[in-house]
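Chains as they are written, first to last, in the working numbering: chain A, 8 to 303; chain B, 8 to 303; chain C, 8 to 303; chain D, 8 to 303.
Hints were generated in silico from the structure; no laboratory data involved.
Quick caveat: nothing in here was measured; it's all calculated off a predicted structure.
Hints are not guaranteed to be accurate.
Identical copies look the same in the list; a pair holds intra-copy or inter-copy alike.
Unchecked claim - Subject to a maximum C-alpha distance of 30 angstroms in a straight line, what follows is the list of computed DSSO-like cross-link-like pairs (lysine-lysine):
1) LYS283 x LYS234
2) LYS247 x LYS224
3) LYS42 x LYS224
4) LYS28 x LYS234
5) LYS162 x LYS224
6) LYS283 x LYS9
7) LYS224 x LYS52
Protein chains: 4
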Amino acid sequence: MKVGFIGLGRMGAGMASNLIKAGHEVTVYNRSPEKAHPLRDQGAKTAKRVSEACDGAVVFTMLADDGAVENAVFGEDGILRRLARGAVHISSSTISASLAERLAAAHAEAGQGFVSAPVFGRPDAAAAGQLYVVAAGTASAVEIARPLLETVGQKVLVVSDNPVLANFVKLSGNFLIASVIEALGEAMALVGKGGLDPRQYMDILTSIPLFNAPFIKNYGGLIAERKFEPAGFAATLGQKDIRLALAAAENLRVPMPLASLLRDRFLTLMAHGGEKLDWSAIGRLAAKDAGEVDKG
Amino acid sequence: MKVGFIGLGRMGAGMASNLIKAGHEVTVYNRSPEKAHPLRDQGAKTAKRVSEACDGAVVFTMLADDGAVENAVFGEDGILRRLARGAVHISSSTISASLAERLAAAHAEAGQGFVSAPVFGRPDAAAAGQLYVVAAGTASAVEIARPLLETVGQKVLVVSDNPVLANFVKLSGNFLIASVIEALGEAMALVGKGGLDPRQYMDILTSIPLFNAPFIKNYGGLIAERKFEPAGFAATLGQKDIRLALAAAENLRVPMPLASLLRDRFLTLMAHGGEKLDWSAIGRLAAKDAGEVDKG
Amino acid sequence: MKVGFIGLGRMGAGMASNLIKAGHEVTVYNRSPEKAHPLRDQGAKTAKRVSEACDGAVVFTMLADDGAVENAVFGEDGILRRLARGAVHISSSTISASLAERLAAAHAEAGQGFVSAPVFGRPDAAAAGQLYVVAAGTASAVEIARPLLETVGQKVLVVSDNPVLANFVKLSGNFLIASVIEALGEAMALVGKGGLDPRQYMDILTSIPLFNAPFIKNYGGLIAERKFEPAGFAATLGQKDIRLALAAAENLRVPMPLASLLRDRFLTLMAHGGEKLDWSAIGRLAAKDAGEVDKG
Amino acid sequence: MKVGFIGLGRMGAGMASNLIKAGHEVTVYNRSPEKAHPLRDQGAKTAKRVSEACDGAVVFTMLADDGAVENAVFGEDGILRRLARGAVHISSSTISASLAERLAAAHAEAGQGFVSAPVFGRPDAAAAGQLYVVAAGTASAVEIARPLLETVGQKVLVVSDNPVLANFVKLSGNFLIASVIEALGEAMALVGKGGLDPRQYMDILTSIPLFNAPFIKNYGGLIAERKFEPAGFAATLGQKDIRLALAAAENLRVPMPLASLLRDRFLTLMAHGGEKLDWSAIGRLAAKDAGEVDKG
């Protein structure tokens with residue numbers, strides 16, 4: 008299939024590479040063009056502007072934030088003007104619910120399909136085609152998108168014909184993980200000040216099957232070890248996702264006090280220079296409030 | 008071994024029964040004596056007062072709350088006065104950290120051993136000898152207690168020679184679970200008001216390995232189904248454990264804002280008649296705040 | 008002085024009227040033109056479009072929200088294009104800090120003055136020229152604006168030459184009031200459930216000089232009487248201001264947990280149909296969480 | 008009247024002194040006897056034990072905390088055993104609601120009167136007889152107590168015949184003040200990081216009559232100046248009162264999220280060595296979370 012791919016960051020590059028390997032005719036675009044070179048070497052065409060990546064049956068966007076997606080879609084030379092009627096835009100970035108709604112409406116009006124398809128997984132999973140894809144859109148658009156999504160992911164979970172619901176699932180998922188980080192941080196602040204080494208605590212806790220979940224083990228380990236660099240997922244991204252969850256909740260008038268707490272934690276972390284730390288670094292703040300001092 | 012067992016509720020009865028089956032000479036005591044009858048039929052001696060259960064090498068307590076344990080230990084006819092020097096008191100109830108400290112000091116002064124050994128697991132696990140036991144106490148006391156703890160549990164996790172640390176682990180564990188309940192409740196309030204059925208949401212979420220942890224599946228399912236009766240673990244017990252965690256944190260000067268939020272959730276639930284519901288019922292409160300109305 | 012006035016809601020109409028009475032040559036504009044009629048009868052010229060109100064030395068905006076101000080300023084026929092070099096735009100609406108910054112930069116670039124001048128006071132104070140005006144802008148712009156501001160207000164507090172600081176003061180002021188409403192609500196939930204009539208409570212409390220502040224008396228009285236209609240200041244406006252305060256705080260990375268709590272209170276109120284109630288209605292939510300039922 | 012007075016700290020000494028000046032026959036008791044000397048010089052009798060202060064028509068207690076009151080009342084040689092039938096115990100300390108209830112019941116059973124009469128005011132007001140007294144108790148007990156209360160206070164506010172309600176009023180009052188401290192702290196964190204000097208901010212704010220309340224001016228000034236020593240009211244006492252408010256609320260099942268936030272603030276302050284600072288020092292924590300560093 009003829010496919011465009013816009014946004015070649017660590018996630019996008021892996022996804023595009025897998026589309027190429029699967030035999031699709033892929034045209035890639037990235038604002039800084041040098042990121043396109045490895046994919047060109049794998050057989051991709053490279054586009055000089057967004058519009059050149061829009062002449063296939065499908066175009067993916069995998070960009071940093073709402074602003075970047077808005078530019079790519081609504082710009083003069085953007086997806087909305089250049090994509091053919093009946094072709095499909097697959098948006099895999101974690102964007103706001105309100106932008107997802109706006110995209111759905113705009114593409115529908117232009118006779119184009121729109122699939123919101125955010126993903127769970129780190130860059131290594133993207134490179135391996137092992138992402139989990141949460142997809143939502145009209146049945147016809149999802150049908151076109153599905154084989155491509157099955158190429159980039161190990162599993163495609165179709166949520167609804169309403170695209171924005173895929174974004175809700177993605178945002179809520181990251182909210183859940185951040186909540187567990189906070190809970191682990193408070194638990195370790197308590198047992199740590201009580202006299203139990205946090206690493207030993209995590210060993211004990213995860214010996215109990217009830218608590219032997221991957222994200223307790225992983226994030227609990229990072230907090231206990233205070234190992235926040237290099238970031239697997241940067242604090243700024245975590246903060247962005249909590250902000251998007253709260254914005255979606257505000258529009259729907261859903262109070263989320265735990266999300267508000269997480270928001271404040273991320274702001275505290277960033278006010279103290281923690282932007283580049285792993286997002287699990289918010290799990291250290293409870294211990295700091297309890298008077299624990301970082302050692303050099 | 009000659010063992011006393013005080014407190015024959017749903018948890019204690021199962022534990023005592025396994026001690027009997029393992030061949031120990033068990034004397035049981037319960038304030039309402041009829042609960043001792045099934046154990047007598049299994050071969051236990053029955054005590055008419057606490058002191059009669061104190062003439063062995065070990066005495067367990069598995070009682071409802073701090074007050075019950077204080078009565079059993081510090082009463083005129085209590086464990087402290089009647090237990091032999093060198094014998095061991097194993098406290099398996101979820102009690103406050105400050106009572107655990109007081110017990111440790113009192114038994115030490117009396118030349119007795121003390122092991123704090125709270126357990127993770129429901130009554131069915133207690134009946135099957137499949138509990139997870141978190142134990143702490145002096146090495147000599149733990150050595151005496153260990154074979155008995157291995158009888159009531161499938162795994163014994165020795166934490167420290169400081170008994171109170173076992174209580175911290177237990178309280179923090181229940182705090183973690185309650186935190187996940189709250190997080191799931193807020194997530195479902197958001198996606199639910201956004202238009203996604205909470206049951207479908209849980210299906211999608213737990214299809215992703217990252218979220219496929221038993222307590223997400225179990226508690227998320229209860230919240231999505233609004234199935235809070237019969238209670239597996241009553242809201243009053245959950246509230247008690249959060250209260251104990253906050254009390255321990257206050258003594259150590261550890262702020263725990265998420266625990267404070269959980270405290271308020273439990274109070275709201277109980278102010279609306281939810282004492283007997285499962286503690287996961289706090290997971291419905293976010294949706295109620297968001298305007299969702301319970302259907303008959 | 009030749010003055011334009013854009014936005015003739017309850018606040019703006021009173022302010023414009025006082026400018027007319029003080030002898031200024033006022034041209035008024037409102038999107039729904041009938042609101043301009045009473046002012047025309049007082050001697051104002053009426054403009055058919057924004058641009059027609061921009062040919063004086065000063066133009067005021069007193070509009071509902073950021074969007075309305077953006078339209079008036081940045082539209083094709085807007086203030087930015089039509090206002091003379093050296094003339095001054097006075098923005099008296101409660102707008103976001105980021106919009107105030109954007110306005111300051113745009114007007115500076117266009118060689119125009121900009122004074123951010125939000126006001127404290129209700130419509131009756133606006134009608135009486137008794138507002139408190141918090142003003143910030145370059146010295147030269149403030150000098151031009153000052154006699155007009157002294158006409159609409161009883162007192163003009165010049166904060167800084169940085170316009171956005173006036174917005175911070177305004178937003179923080181409404182945050183403080185909302186905080187006191189929440190505190191009074193929780194206090195009354197406690198004493199009320201304890202058995203003391205909230206009205207009697209307020210009488211006792213305000214007999215003590217320490218608590219005899221106007222906003223305790225006023226808002227406490229409304230909460231105790233449950234008198235939330237008609238709204239003096241609607242819940243939707245309160246929610247907006249807390250949102251703007253949180254947005255400003257987020258940009259500066261200032262965690263404000265009490266503001267987050269207020270945000271959740273307003274969302275809960277609005278999720279239950281309370282948009283048109285007075286913002287003090289959030290002061291009832293603590294009692295509702297405590298199980299109190301509204302009586303018909 | 009023959010009056011006993013137990014507890015001669017900074018508050019109690021002033022109150023007892025005024026009773027002496029008013030011509031009452033006062034017997035004073037304090038655990039460290041040297042504090043009784045100045046009052047002896049004013050004409051008081053000094054008691055060597057609590058019981059010796061109990062042979063009048065009324066005995067006051069003004070002690071540090073629940074434990075001290077319990078010892079004085081329920082001890083072998085305590086008020087309960089020694090006070091005559093029909094005589095009245097006036098408790099002016101800020102004690103827990105549950106202890107107030109227990110005292111009311113015990114004195115009623117002993118045929119004694121009990122008036123809960125906590126006070127608002129600092130030591131200087133106590134010395135000057137200018138306290139505000141919030142009193143509750145049976146009509147007959149209040150009648151006996153009233154002339155004495157009018158001697159120690161400038162105003163006596165009789166709340167109810169249920170003694171505990173006086174404690175609710177006192178605890179809620181301190182909760183309100185702490186709430187305003189927190190709100191001011193967050194407001195100043197915002198405007199301060201935005202670039203406005205907190206002292207200038209307080210000047211502007213309190214120029215507006217709406218905000219010109221004594222406790223905004225006083226506490227806002229302390230926070231802006233970072234002047235937390237010497238403490239007018241120590242952080243440990245503030246923390247105690249919030250704890251008592253939360254305990255009363257928990258017993259009544261009243262969630263108080265703002266009180267929970269205050270609790271966490273006090274714990275953070277105390278975990279960083281702030282026990283002896285004025286309680287308004289919690290108003291600095293928001294700015295610290297926002298990254299502000301204390302200067303030497």
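**Study point:** Those earlier numbered hints the structure runs against, lowest number first
**Key:** Structure breaks hints 3, 4, 6 and 7.
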